[in-house]
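Protein chains in written order, with the working numbering: chain G, 7 to 678; chain D, 7 to 678.
Bear in mind the hints are in silico, worked out from the structure with no lab data behind them.
One or more hints might be untrue.
The list makes no distinction among identical chains, and a pair is therefore deemed to hold if it is satisfied within one copy or across any two copies.
Derived BS3-like pairs (lysine-lysine); straight-line CA-CA distance at most 30 Å [to be verified]: (1) Lys361 with Lys630; (2) Lys630 with Lys32; (3) Lys32 with Lys651; (4) Lys32 with Lys361; (5) Lys651 with Lys99; (6) Lys399 with Lys99; (7) Lys630 with Lys99; (8) Lys399 with Lys630; (9) Lys399 with Lys32; (10) Lys399 with Lys361; (11) Lys361 with Lys651; (12) Lys99 with Lys32.
There are 2 protein chains.
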Amino acid sequence: MSTATTSLDRLCIDTIRTLAMDVVQKANSGHPGTPMGAATMAYTLWTRFLRHNPSDPAWPDRDRFVLSAGHASALLYILLHLTGYDLPLDELKRFRQFGSKTPGHPERGHTPGVEVTSGPLGQGFGMAVGLAVAERWLAARFNRPGHTVVDHYTYGVCSDGDMMEGVSAEAASLAGTLGLGKLIFLYDDNEISIEGDTDLAFTEDVGRRFGAYNWHVQHVDGEDVGQVARALEAARAETARPSLIVARTTIAYGSPNMAGSAETHGSPLGEDEVRATKEALGWPAEERFRIPPEALADFRRALADGAALQADWEARLDAYARDYPEDAALFRAWTAGELPAGWQDVLPAFSGEEKPMATRAASGRCITVLAEVLGNLVGGSADLAPSTNTYMKGLGDMDPEHPGGRNMHFGVREHAMGTIVNGMAIHGGLIPFGATFLVFSDYMRGAIRLAALQRARSIFVFTHDSIGLGEDGPTHQPIEHLASLRAMPNLTLIRPADANETAAAWGCALQADGPVALVLTRQALPVLADVGRIREGVPRGAYVVADAPSGTPDVILLATGSEVSLAIAAREQLASDGIAARVVSMPSWELFEAQPQEYRHEVLPPTVRARLAVEAASPLGWAKYVGNEGDVVGLEHFGASAPYKVLFEEFGFTAENVAARARAVVQRLREM
Amino acid sequence: MSTATTSLDRLCIDTIRTLAMDVVQKANSGHPGTPMGAATMAYTLWTRFLRHNPSDPAWPDRDRFVLSAGHASALLYILLHLTGYDLPLDELKRFRQFGSKTPGHPERGHTPGVEVTSGPLGQGFGMAVGLAVAERWLAARFNRPGHTVVDHYTYGVCSDGDMMEGVSAEAASLAGTLGLGKLIFLYDDNEISIEGDTDLAFTEDVGRRFGAYNWHVQHVDGEDVGQVARALEAARAETARPSLIVARTTIAYGSPNMAGSAETHGSPLGEDEVRATKEALGWPAEERFRIPPEALADFRRALADGAALQADWEARLDAYARDYPEDAALFRAWTAGELPAGWQDVLPAFSGEEKPMATRAASGRCITVLAEVLGNLVGGSADLAPSTNTYMKGLGDMDPEHPGGRNMHFGVREHAMGTIVNGMAIHGGLIPFGATFLVFSDYMRGAIRLAALQRARSIFVFTHDSIGLGEDGPTHQPIEHLASLRAMPNLTLIRPADANETAAAWGCALQADGPVALVLTRQALPVLADVGRIREGVPRGAYVVADAPSGTPDVILLATGSEVSLAIAAREQLASDGIAARVVSMPSWELFEAQPQEYRHEVLPPTVRARLAVEAASPLGWAKYVGNEGDVVGLEHFGASAPYKVLFEEFGFTAENVAARARAVVQRLREM
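Isolated chain G, as found in the complex (with noise of 0.2 Å):
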């Protein structure tokens, strides 16, 4: 491979850098320092490292190819466009606009070529590390001697704001402890970020930190296309460690006056200087959106080179179908996302005679069937495995010496936990999830939300729900967490009542077209029996459990998790005073949101407008169910430390206090 700055490179990048000109001008609005800064680097990449197919840009095995430094969305738009993807001049000339294929910053499933959502800075990081986690599982699970149908690189670009985020720190050890010697970073390191130079908040040495974590670390000068491209080499060839190549660039780079400048950072550089960087170019000044015919047939090449990859890898996937028929439809089965025949026939059914259960250890007890016939179910805990009940023994853990180990150990890395799993989620072929305490998803919000805007099908396990969790205390007792993420849209929150509408959630789970996080109690809760009721009625979101005798109650009681009990037995006691309650469970508000007005008035009246929701956390949003005349029982303060048992009695969790509120409801309703 060559390495030489030829004047084809030169008159590439330079294409590169003025379109980024142009489509931040023309928007009035967005990043063109940083595609400017990094045309040299990620031009080098694309044309002599990436292999990818523009026309199909969902081919299993390509390359993928993270822009974390997503403000620069411009780049990757260019590069799709001259590269040859499903991304017309005219979509580049609508950058930010309304209904455009190019949004401000990228957003997966919206533009072809586009892998993940990113922006939020330190993000893409983590989700890169999460595909070389999944292309390396899948690699040790289907390759054999002779025959490799899982074999790509997992490219990144990356920005000192990345840098900066402690997410990508959490993710780079976790990388360097995992030794992902198939991901490789190119780091723009430009020294500028929003504020100003990087000096004024980040004098640290990124390589030597780098090096701490166990990477390969190389540096060189990002506008040197043979340094890139020989680092590049260099670092394919370390296969024990994930690389991070430090490129030295300028932002702006080009413009005569605004080069090294952070103005350049966030605002278009104003046509004067478009028209100034232009002629320091050699560029027509007054030419918008020029593409000269030599550059964008150096870069279309990609579109025969891709097609010749792709076929080269499915006959080699079709002679691997030869010789390991089971395997190839496994593979294929699993990148296309489907689950075997039956799989729920596993899921436990819980008998009424069974000891009270915690719903975690009952959701343990469901991810040790389904990991059996999920051979692909794949993930792991930050941490707290004994205490999430995660662990799939006998499954193996992950390490750089058994990469094909289905048990993760995130370390008490929350928020990389999240980043890692969506990536996973996004590589496709893989079943992953991730778990921790409720109050901790706090700590990997930024990752769940972009789950949630990508529909990614991450599964996050959260236990230890409420002050059920006891003596930990108020810092470790969530109250707001239910609402926090109920709010969030797109995502699927299950709060389960009892061990079997735990199996019936993980059958939700598995079904989602999004993230879904399973809300799960670390203390023992009594098992409802009525499994065939549950299974119906879990994926509708809310379903009556009790009723009233004559099917028309006197009050509605709605309760989700660990509080459906209480419901439950609150309702016995309102009956010996005359009063007749229905129990509503309600696990899932999204759920049942989606279900028909018909189904919602049916489980929840609109006569029956005495209502009294029980729920141990925030009321904010439960108001919506309960109407007016309604009341919640809930939590509009911090918990406190001690046993469980103790906080239900204290705050009012108790059948007692249930009954007597939804006595005070019906009365007032009856006085009004």
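Dock chain D against the given chain G, drawing on the hints supplied.
Leaving out everything else, chain D in the frame of chain G:
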């Protein structure tokens, strides 16, 4: 200072260890291993270095001690008891029980001598950085040649888990850039986390990493009093860099069968092993909560020493007050959290004639004038100062050469910013703030929550508060953030509707008894002219901006922030249809809920059931105010990338649509 381990040292250390076992065993809950492993280094620090006065935990110039590994709370409670704080042995016997002073994790304000609430890993580390920033800033501001009134260290103990969290990485990097020479952390490197050996997930070279951050790093045997003491001396001698002392320790040191095992991390040792450990330590095996008198006497020297240290400091402060009376008065006022007389008079009043102004811009003007009268207003942004309008011109940048600079550059480190602001607020003497985009409040939720739990007076400035930020698109557009922050107890969220409400919001923020989130627009908004009404209304959380001519509205339009002017415009349209609408601006739900019912009913008369809320965000929670018959113009999906006016049109945030939706509500009620 002698550094040999004496038999008295051994006795004292074993007193800590045996108490730790007993405390956890009695509670039958908690973490014995870390207190036992960290006993030697904690003993060395507390008896030979820590300058504190157990009789006055509020002495302003005490050294601060932060147990970032908050799960080792038993260690801290034992040290507090032994050195003579107001924490009787009976409270240790009530560890983790309801109402005790010894909750599962340390809680500031709950237990005398606990400096910060910790437990969620990494938070304590970040707050310690904030404490050290505050000390250095106050020292730069007040100390004079011959007068040293601010001069203390910030010590901490952190764990493997703390080191894995991204927030500590962010905070450590910034601490290195700032060169915080008086910040000293003992890192309890016991190589064990909950899932087992840290090698499972954490193989990085932490010392090398901290070296890359510009920390002074030493390695010691954590069981050797002399090594720990010499390292602490060297750390104090190093004035230009923060210090990390990597102490190799053994979890559950002393336990014959369980030392070094992950099982001792989060569970009691069990009666048998407690007995065996006491025997191995040469301790009476059956005795519980034994404190040998010689050991107690040694620890309790802290009482006399502390009183002398504080008396000496008070004499120095008196001398200072003679030479610098104004500064001494200011020091005392700031330390007491007092605001200068008339400070509110400087808040700008904006005329209705002014051009539309973004609330972030109005906030910037408030900060400028407040910074003049509040000499201790110190803060900055996570690399977004030009966008959040938080830079205080002419007041200097904080860096190692200018420790008294008023502007901080947190870098792209939202989570660390939150923890550091919390630490600064908790230290006392400063009014700290931190700023970023509202969407990135997700990255710092862990810190916001701890601010709320401790009622730390942290001010968080969150700009770019809705789809109104426009082109940056859905990755940057908050949808769920208002609801998710409103769900958090103790946090006051204020979303002002214009420049004048913004000034009033700043007035509230400076008087709040806990953290405040100011939520501000990127886009310009019309200025509402009635300054008097606004200054009365905002502190009450909601008020009538424009009423029905009769005072009895047909419909109430509730809105916050940028949607208030939209509601006002809709009111005009409704008026022309003969529908009389009241517009209620509701900048803060929390402040409104704190009002007497009479006021709340005055603003939202229960008889007016036709209500429409308008907020460019998730509607979650609004049902409480609009009731069964009301409606919400909100967003139940993510945003999009486009100029904001287009987005407001596309997503129904127009006066026409608001008026139409209001008419529908009125109509529906009339038909009922």
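Right, here's what the structure says about each hint:
| no. | hint | result |
| --- | --- | --- |
| 1 | Lys361 with Lys630 | neither (35 Å within a copy, 39 Å between copies) |
| 2 | Lys630 with Lys32 | neither (45 Å within a copy, 45 Å between copies) |
| 3 | Lys32 with Lys651 | between (63 Å within a copy, 17 Å between copies) |
| 4 | Lys32 with Lys361 | between (67 Å within a copy, 27 Å between copies) |
| 5 | Lys651 with Lys99 | between (62 Å within a copy, 19 Å between copies) |
| 6 | Lys399 with Lys99 | neither (54 Å within a copy, 38 Å between copies) |
| 7 | Lys630 with Lys99 | neither (44 Å within a copy, 45 Å between copies) |
| 8 | Lys399 with Lys630 | neither (43 Å within a copy, 47 Å between copies) |
| 9 | Lys399 with Lys32 | neither (57 Å within a copy, 32 Å between copies) |
| 10 | Lys399 with Lys361 | within (23 Å within a copy, 66 Å between copies) |
| 11 | Lys361 with Lys651 | within (17 Å within a copy, 59 Å between copies) |
| 12 | Lys99 with Lys32 | within (7 Å within a copy, 70 Å between copies) |
The structure does not agree with the numbered hints 1, 2, 6, 7, 8, 9 stated previously, though it agrees with the rest.
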